[in-house]
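**Q** If you want the building blocks of each chain, they are given just below.
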Amino acid sequence: MRWRLAFLGALLIPELALDPFRGGLTATLRHPFGTDDLGRDALLRLALAAAHSLGFASGCALLALSLGLLLAWQGQRFLGLWSALRSLPPLLFLLPMAAAMGGLPALPLGLLLGGLIAPHLEPALRVRINHFRHSPAWAVERTLGAPWPSTLRRWAPWGWQQTAAIFPSAWLAALWGEATLSTLGLGPGPGHDSLGRLLAEELPRIGSDPSPLGWAALGTVLLLAWSSVPRATA
Amino acid sequence: MGLGVWAIGLALALGLPGATWKQARPPLFPWEMLGPTLLAVAALSLLAPTLAWMVGPNLAQRRSLALLEAPPDLLWAGLLLALWPAAWGPPGVMGWLLAFLAAALPGEARWLAQAMPGERPFPLAWGKAAVSRVRCLVLARLWGRWIVARLPVWLTATLVLERILGMPGLGTDWMTRVVVRDRAGLSLWVLALALLWVLSQSWEGEAA
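Chains A and B are the protein sequences, given in the same order. Read left to right, the first sequence gives residues 77 to 310 (our numbering). Read left to right, the second sequence gives residues 179 to 386 (our numbering).
Next up, chain A with everything else stripped away, as it sits in the complex (with noise of 0.2 angstroms):
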């Protein structure tokens, strides 16, 4: 979880420098994948849009986290509402919406991705504080009357765990709503590159004239999928 956590830095870090007259450079040691159409380098570029996409990910994870603890404390009442909800997964909701308005600025597609990938971890999220609801522990601190800071420095940790085995389910998910509606054109303007953007520019031409950064977009791709498979499966 923290290294996922450590790359909500990277969107701080500022786009690239255009430079168009060195753009379409081909490979050389100075540039080993060469530069891309405006001028960019090609490696530097394929760093910085999968260091903003991680990081972006990690924002939107943390929001819906945040928003499927407050369902699964709260929404007890509301099963059925949050049942309906995941019946749809949200790009299904995602893609039309985007297409309609023309494609979706970073703020307002970090907010629906958070909101709509919340419902999903409710369930998971619920087993767990029910199971802390209906501790001794949990009765005792209620029972003795003890103030909220002090509860949440106890149960802080215990949380902190919970949420980190949810966490990456939630990364994922954002990571490829986010990366899936960026390669379709309908993702955050050209102010925000990101590893689906980049496909985006990629992909229409990779079958006629391929270039080491759409090979390596779909390299990358690959390798953050499968980092995401445990290594203890059998």
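If you are wondering where the hints come from, they were derived from the structure by calculation, not from laboratory data. Where is the CB? At the ideal position from N, CA and C, for every residue including glycine. Wrong hints could be hidden among the right ones.
So, partial list: chain A residues that the calculated Cβ filter (under 7 angstroms) puts toward chain B [said to hold, decoys possible]:
1. L157
2. A160
3. S163
4. G179
5. A182
6. L183
7. L298
8. A301
9. S304
Please build the complex by placing chain B on the supplied structure of chain A, with the hints as guidance.
**A** Only chain B this time, still in chain A's reference frame:
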């Protein structure tokens, strides 16, 4: 309460805000894609249970399956575009079908394998024939519920693949109706999805 959500969804579809700049006619339903879509669903609904039947509940723990399942739909479409020989022309229906099966099959096989009960000590102790028979019965019981629960996921997968491969199909139809503000057509889509949800709920209730 869930039905209330679908009623709100229907109301939203009927009163979808905004209008197109230029009046556009609602798209015709892509009947020509109905055949390939049914073929894709049939292939998936045959291959995934067969895989689950052959390997059993242990399939859900296989790392190789998890590695195939992890990449997003867009990667399969991207790889298909990259590897498809240019001399063959655009990937078309066959390419779409291949990408769809690559994207959906691992996840569906795992869904079924996870839903199957454990086999130790029984029916494993009764021999191979009993194991095979029990798997058959379990999968026959799961089949309808699985199809109903997973159809919206497949619709999303086809939507992404159709857009990347440039092939209008059922997913694109749903999306285009939002764009041209075809409220009647969109309401039919919402009703169809609501019906799937009601069916999946009744199956869940029966299972409980």
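**Q** Name the hints, by number, that the structure is in violation of.
**A** Hints 4, 5 and 6 not satisfied by this model.
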